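Using the sequences and the hints, build the whole thing.
As a plain string of letters, each chain reads:
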Amino acid sequence: MDLIYERNLQPLKLAVLKGTRQDLAVIALASRLGISRQRMRNILIHRCDMMFLENLGPRLEAADAAAAGDAVAEALSLPHLTTATGLLSVEAAAEFCRCAKSGVLLSDIIIDILEVIA
Amino acid sequence: MTLLQRIKNAVRKRSIHICYVNTGSCNGCDIEILACLSPRYDIEQYGIYVHNNPREADVILITGAMSAQWIDKLPDLWDRVPGPKAAVTIGNCPISGCAFNRPGSLIDPPVSKYIPVAAAIPGCPPRPTEIISAILNVADTLFENYEIKSRGKKP
Amino acid sequence: MKKVVDVSLPIGPVHPCFKEPARIKCETCGERVIATEVELGYVKKGIEKIMVGRPWQETIFLAERVCGICSVVHNTAIVGALEKISSIAVPPRAMYLRIILNELDRMQSHLLANYSYCYTIEHETLAMYLLNLRETIMDAIEIMTGTRIMAAYVVPGGVREDISAATADAVRAATFHIETELPRFVKMFETGPMIALRSKGIGILSVEDAKKSGVVGPMARASGIPCDARDQVPLYQELGWHMITRSEGDNFARIMLRFDELFQSASIIKNALAALPSGPVRLGGRVVSGRCRNVIEAPRGNLTYDIAVDEVGRVISVAIQTPSIMNVEVGSHAMMRNLASIADVTATFISTDPCIACAER
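Protein chains in written order, with numbering that gives the first Met the number 0: chain E, 0 to 117; chain X, 0 to 154; chain W, 0 to 360.
The reader is advised that the hints may include incorrect statements.
Stated by the list, open to error - Quick list of the computed label-pair ranges, beta carbon to beta carbon:
| no. | chain 1 | residue 1 | chain 2 | residue 2 | range |
| --- | --- | --- | --- | --- | --- |
| 1 | W | Phe175 | X | Ile70 | 46 to 54 Å |
| 2 | X | Glu129 | W | Phe60 | 18 to 26 Å |
| 3 | X | Ile70 | W | Ala165 | 43 to 51 Å |
| 4 | X | Val10 | W | Glu141 | 35 to 43 Å |
| 5 | W | Phe60 | X | Asn52 | 54 to 62 Å |
| 6 | W | Glu141 | X | Arg54 | 48 to 56 Å |
| 7 | W | Ser288 | E | Glu90 | 45 to 53 Å |
| 8 | W | Ala165 | X | Asn52 | 42 to 50 Å |
| 9 | W | Asp168 | X | Tyr145 | 46 to 54 Å |
| 10 | W | Leu234 | E | Asp107 | 55 to 63 Å |
| 11 | W | His241 | E | Val89 | 36 to 44 Å |
What the hints assert, rightly or not - Output of the computed footprint for chain E on chain W, the stretches with three or more beta carbons under 8 Å from beta carbons of chain E:
| no. | stretch |
| --- | --- |
| 12 | 34-46 |
| 13 | 211-220 |
| 14 | 328-337 |
These are computed hints drawn from the structure, not numbers from a lab. Note that the structure is a prediction, hence the values are computed from the model and not measured. We treat Cβ as the ideally placed atom computed from N, Cα and C, and that holds for glycine.
Laid out in structure tokens, this is it:
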């Protein structure tokens, strides 16, 4: 008898992300980062566990509220990537924030962020 | 019938261990099984014990309509139950998929495709009394003279 | 989760403590639990998918079968959304009857949650007392609607049938029975030294973690966040509802908060039965096209139905956001982090009142 303890969860995670509310959340996050929905789904499936994916909508709403006051965090969507989904560590987010304040172009920083989270 | 067989029959009638497996139901049937535990119905007066451990179970109660994760795990779990054993399905879902059996859903009923089912209790959900009487009937007929009936069959 | 750990210990999917299948993967270091991850997919049926394209009459039945424990509240939520879209009027007597049934449902759900917790921390005596008390409520629901679970009592434009004076007396007697019996069990839970050892200071949910993941319901209120969709309903205020909060945020606070809410629900039912207006219980209406978001308070927190219907009454899109999604998520990621013992994982998980069928749909 095979003992299957770890199976491939990718199809199940995709089924979670196809839910109506989760789909809207993925589209919103993808448009923030300027990437396609499929690529965003791929990143989330590889980096997050299933419970995070189910709860994507409320967590991103909370991150929206957290980012509202801060122009840099809003432009780079840092709360969405750190507290909401855990794709980026807090230290890395602080580093990107410092870069942005020192005058590096925001579009360049977003490319760097995508390299880190992919 | 030997004396040993008679003792086995008497003991098995008074000690039925149960494990319930939710293979994608809505909880309705599961809480009706839980209600059987309450002093009102008092399932233990019939010698039925709910342990929820497949390795010491005699009767497996299956609720739900076979979701994707269970398709490989349920036959595996069935293999680990020591004989004599019986599977009883509770509710409409394991029989037909009930309201969920529509194009586009992620379930694959019936449960009898995957493991041999001894009895089915329809209802959405069935009452606790029906569950208790079905378990008692199944156990009495299936486990009586088990060694004689299973002689010649592979274990 | 890639970390240096001793053992990655799976709990579930079939486990003596769990009513429903879920698998908790615990990353342990000695006896200490560093992090946990809940693996789902065992009860994923895709209800939102099969609702799309169906006439709204069929979706009411499907919505009821999202969750068997809180089926009444799912029924009320989707019917409320359809009524809001089509502006169907509900007669006052039906509004009162809906509140009575919803509070009965809340009482049986809270009793079941507290039973599960007591059973998990191996206090079986108290657990059986609570489970037997729950049968009183189930009887009241059965007398009122005709069945124990999946009552389909709430229909667009009112409720399915009126209650007689004898039924009202039976419901009143059930709440009276709860109010006289329950204080003894609450005292047992509150003063039990072993229960306190297993419950106090374990699985603490901080306000920051709660805000981050949008926790709702008794879990949020036990952490001191006033969050209850009933404050938007004027009828509840008339019937004596008020916000109950606690500040500790541990397992003990969550269970005690549910006990407090049981007494409040009983008094709401009594007030509603005393003030029950006369009149019809069911009026008609036509469903028109539109889109609406309806939030009501389920036993576990805010339940949101976001539903769009076209002009012939077919559902175009539906999004169900159940409270268990948020509560189980924060349970696995915030409360079960750095627990002292592996035995606290199941107790903490059950204290969130997880409903996996709700969370996965």
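Checked hints:
The beta-carbon spacing between Phe175 (chain W) and Ile70 (chain X), approximately 49 Å, falls within the hinted interval of 46 to 54 Å. At roughly 22 Å, the beta carbons of Glu129 (chain X) and Phe60 (chain W) sit within the given window of 18 to 26 Å. In this structure the supplied range 43 to 51 Å holds for Ile70 (chain X) paired with Ala165 (chain W), their Cβ-Cβ distance being about 49 Å. Distance hint check: the CB atoms of Val10 (chain X) and Glu141 (chain W) are about 37 Å apart, consistent with the given range 35 to 43 Å.
A C-beta distance of roughly 35 Å is found between Phe60 (chain W) and Asn52 (chain X), which places it outside the suggested range of 54 to 62 Å. At about 37 Å, the CB distance of Glu141 (chain W) to Arg54 (chain X) disagrees with the hint of 48 to 56 Å. For Ser288 (chain W) and Glu90 (chain E), the Cβ-Cβ distance of about 51 Å falls inside the hinted range of 45 to 53 Å, so the restraint holds. Remark: the range hint 42 to 50 Å for Ala165 (chain W) to Asn52 (chain X) is upheld by a beta-carbon distance near 45 Å.
Under the hint 46 to 54 Å, the C-beta atoms of Asp168 (chain W) and Tyr145 (chain X), about 52 Å apart, fit the expected range. Under the hint 55 to 63 Å, the C-beta atoms of Leu234 (chain W) and Asp107 (chain E), about 56 Å apart, fit the expected range. Between His241 (chain W) and Val89 (chain E) the Cβ separation comes to about 39 Å, which falls inside the hinted range of 36 to 44 Å. For a cut-off of 8 Å, the count of residues in the stretch 34-46 of chain W with a CB near a CB of chain E stands at 7, and the three-residue condition holds.
Counting residues of the stretch 211-220 of chain W whose C-beta lies closer than 8 Å to any C-beta of chain E gives 3; at least three are required, and the coverage claim holds. Taking a C-beta to C-beta cut-off of 8 Å, the stretch 328-337 of chain W contributes 3 residues in contact with chain E, enough for the three needed, and the coverage statement holds.
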